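Trainee: Here's the letter readout for the chains.
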Amino acid sequence: MSDTQSESTEKEPTPPAAKFDLGGRKAPLGESQVWLTAMGLALGVLMTLGLLGLIFVKGLEVFWPHPIAQITLKQDSTATLSDSNILAGPITETRSIKTGDTTREEIQLMVGNRDVYRLSFHFLNAADVVDTTYPEDIVLAERMEYGHAIFYPKFATLADGTTIPANGPGFAETLNRLAGETADRRKVIADVKSDGMGTQNRKILKAERKIRALERRGKATPEKIAALRETIATAETALVPLGAELDALNAKQRAATLTFTLPTGEERTQPFGEFVAFTYPNRLSIFGKVGHFAHKLWEFVSTGPREANTEGGIFPAIFGTFVMTLLMSIAVTPFGVIAAIYLREYAKQGVLVQWVRISVNNLAGVPSIVFGVFGLGFFIYVVGGWVDQIFYPDAVAENRSVFGTGGLLWASLTLALMTLPVLIVATEEALAAVPRGAREAALACGASKWQTIQRIVLPSATPGILTGVILAMARGAGEVAPLMLVGVVKVAEDLPLDSVFPFIHAERKFMHLGFHIYDLGFQSPDSEAAKPMVFATTFLLIVLVIVMNLAAILLRNHLRKKYAVASF
Amino acid sequence: MLDPSYIKIQDFSFWYGAKKALHGINMDIPESQITALIGPSGCGKSTLLRNMNRMNDLIDGVRHEGDITLDGTSLYDPTVEVISLRKRVGMVFQKYNPFAKTIYENVVFSLRVAGRNSKKELDETVERSLKGAALWDEVKDRLHESAFSLSGGQMQRLCIARAIANRPQILLMDEPCAALDPIATLKIEELMLKLKEEFTIVIVTHNMQQAMRCSDKTAFFYLGKLIEFNDTKSIFETPKEAQTEEYISGRFS
Ligand SMILES: Nc1ncnc2c1ncn2[C@@H]1O[C@H](COP(=O)(O)OP(=O)(O)OP(=O)(O)O)[C@@H](O)[C@H]1O
Ligand SMILES: [Mg+2]
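Top to bottom, those sequences are chains A and B. The first sequence runs 0 to 567 under numbering that gives the first Met the number 0. The second sequence runs 0 to 252 under numbering that gives the first Met the number 0.
Please keep in mind that the hints were generated in silico from the structure rather than gathered at the bench. Computed from a prediction, not measured in an experiment: that's the story for all the values here. Careful, some of the hints might be misleading.
Derived lysine-lysine pairs resembling DSS-like cross-links, with alpha carbons at most 27 Å apart [stated by the list, open to error]:
1) B:LYS19 to A:LYS561
2) B:LYS130 to B:LYS232
3) A:LYS288 to A:LYS448
4) B:LYS130 to B:LYS94
5) B:LYS139 to B:LYS7
6) A:LYS560 to B:LYS119
7) B:LYS193 to A:LYS347
8) B:LYS139 to A:LYS448
9) B:LYS7 to B:LYS18
10) A:LYS97 to A:LYS186
11) B:LYS224 to A:LYS448
12) A:LYS347 to B:LYS19
13) A:LYS560 to B:LYS18
14) B:LYS239 to B:LYS94
15) A:LYS561 to B:LYS94
16) A:LYS561 to B:LYS18
17) A:LYS448 to A:LYS561
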């Protein structure tokens, strides 16, 4: 490098004598560092963008409707399905497989109909394909169970026995109308179950527990028991009409049926109650596709999962992640800030403080699963155990745990502990960056040390502290390993926030996007079916982290303007 | 009768760790006058000034010998509370350092930390202090704007207003005009002449004209030692020490 430099300098003709010699060269020869650093940055940015791009495209592609191909195979093909050489489904992937010297194309087809074919995906050799068509009247149906169905509808049988043939006009609207009706009824059923029956069942459970508790303590007077039994009896009578209503609704769900033929030839009949939505993918215009895409995306972020999480939405996981990250930030901020204030402002700077600081920094390098184990051992077994002993003695007597088991609160605290070093370090930096002039001015006005910290130092350090919170949030939101020990579950029955007193249920187990990704990708019975969901969920996790960070950044910029430090 | 030894510095030495910054200073600073501390950079002027309100306590590893008494009380008496001391001794720094608050809140800061929050008192203090610092007319319509919206000279006058808000008895000023232009400097000098009726002022300055124009007494320091201390007129017209003469005539090497 230096050789070429000196050579080229020599070759340069001597410039005419300038008035001021600024030592300028014609070409920026010496700045190889610029290129090196720029290349390093470019590489980093490229890789990050590549990863984000992949997740973005793959994650959103899931919701885009794909046309359904009907494929006819050679008579002697080995890839037949249900003894038929005609199969249909969206082509999800085509890949080349090399065996020895020969390469062959393999097609992955999402054939659906898992109740009949047992697997949703089918692989076939491209060389076996005789014919590929995209029939207009093939239907893709989402179902409550067994994944998608792909079929040619024959006729619909309504509750009163009339049949509507599929080849008649407006059959697509009929399908949508019937699906809409069942969807509405499904909501009513859910309400009856959770609000109606759930309330009564909770009453019964509570009364029963009370009776047992009274008996255990020997305080069971006949009057009290009688009153409680009365409550149970009332609740049970209230349940009877609700049960009847539920039966009636369920019967209605089964009354209307759809009869259809699978591409492989089987004819089947299924009640409309088992379907969620119908589309004719090969008929969709571009607007139809966009509409379908938007609808599916909205459904994904706003509804709960079905079928071992491989279908439906991920709202509970989004909500769980959000609430947990928020609780974690609320928990970690005061601790981190207080610790940092002590370390930076009060502690006598010496060997001991230096050691504390080193230990805190090293805490950041401890594998997160270790924090999970600590959370399990300390928060859940010890602290949770105490809480149960003191506040829920009846639960303990019946071998139930309230706080003595994993839950939202313990998960948040565990992650708060894990992200504490990040916040302490950031806060210390922020405190150190407050100019000495500002502190001295406050002290010279007769402020005490604490008043100076509280009124002058902390406000100007707030933007820096928020940077720490942002970093902690980003780290905490994406963490999975420790959560598996302290309260995350695959499917949570209830959200941690609802309309039942006391509204926030910090002891409840919850769903989390990070764990959801792990669960879908590695614990799912049909990993091919789950793959698109993994991308979509990852995409949403990233979006959530970005949104939360943006909120914090906006707040920080606002505060930065407010507490700007004069520069001189 | 004004006390000619209002602040009494006796055999005062000061160390930053192993470095001795002041060597046995003896000085009597009179009440209600302006005393200027002059001398080349690093000679210990700020160190001495910052000891008069014990601002140097904040630095790790400092040590002193000798004593400074204020109106007869030793600053280092164990019964002296630093906070009440600093309420009696206001300070203006070389770099103007208003807080990231409104002009109003800057001025009343010392009252707020003393727990005095009555609106009437605060309003009165703001007006009196800003008038005292010759800033009132310029900012009276924007008291609730950020202090950072002011110019440098205005900010320094705001710092003076802040320092006198609590009616201290002594005002310490460490090169208050170092960062200001000549017009702003003149304003602050006029201000000092006005303020000395009410406060005892000790000012550190590198500007000989300034010391000559507004101080009553001048002390010349060199390498941590007090070389000469006398009436300003005598120091500048008939200096006794050769070093003093060299310094004030600008022939100092
Ligand atoms: N915080 C400190 N720690 C260690 N040494 C210090 C500290 N502050 C000042 N000193 C030293 O003490 C000596 C006197 O410093 P001081 O600030 O009092 O000088 P000064 O006369 O105010 O100079 P200037 O005119 O440049 O402000 C200098 O040699 C300086 O290096
Ligand atoms: Mg100085």
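Trainee: Are the Cα atoms of LYS193 of chain B and LYS347 of chain A separated by 27 Å or less?
Mentor: Violated. LYS193 of chain B to LYS347 of chain A sits at ~43 Å, over the 27 Å cutoff.
Trainee: Taking 27 Å as the top limit, are the C-alpha atoms of LYS347 of chain A and LYS19 of chain B close enough?
Mentor: Cα-Cα ~23 Å, so holds.
Trainee: Check the hint pairing LYS7 of chain B with LYS18 of chain B against an upper bound of 27 Å on the C-alpha distance.
Mentor: Judged against 27 Å, a Cα distance of about 24 Å means the pair holds.
Trainee: Between LYS19 of chain B and LYS561 of chain A, does the CA-CA distance stay at or below 27 Å?
Mentor: Violated, at about 42 Å.
Trainee: Would the pair LYS560 of chain A and LYS119 of chain B pass a check requiring their Cα atoms to be no farther apart than 27 Å?
Mentor: 30 Å, violated
Trainee: Holds or violated: LYS224 of chain B with LYS448 of chain A, Cα cutoff 27 Å?
Mentor: Violated, at about 32 Å.
Trainee: Under the criterion that the straight-line Cα-Cα distance not exceed 27 Å, is the pair LYS561 of chain A, LYS18 of chain B satisfied?
Mentor: With Cα atoms ~41 Å apart, LYS561 of chain A and LYS18 of chain B exceed 27 Å; violated.
Trainee: Do the alpha carbons of LYS139 of chain B and LYS7 of chain B lie within 27 Å of each other, as the hint requires?
Mentor: Not OK: LYS139 of chain B and LYS7 of chain B at ~39 Å, beyond 27 Å, violated.
Trainee: Between the alpha carbons of LYS448 of chain A and LYS561 of chain A, is the straight-line distance 27 Å or under?
Mentor: 23 Å, holds
Trainee: Taking only the CA atoms, is the gap from LYS130 of chain B to LYS94 of chain B under or equal to 27 Å?
Mentor: Between LYS130 of chain B and LYS94 of chain B the Cα gap is close to 22 Å, so the pair holds against 27 Å.
Trainee: When you check the alpha-carbon spacing of LYS139 of chain B and LYS448 of chain A, does it fall within 27 Å?
Mentor: 31 Å, violated
Trainee: Could you grab the alpha-carbon distance between LYS239 of chain B and LYS94 of chain B and see if it respects the 27 Å cut-off?
Mentor: Measuring from Cα to Cα gives roughly 33 Å; hence the hint is violated.
Against the hints set out earlier in the document, violations occur for numbers 1, 2, 3, 5, 6, 7, 8, 10, 11, 13, 14, 16.
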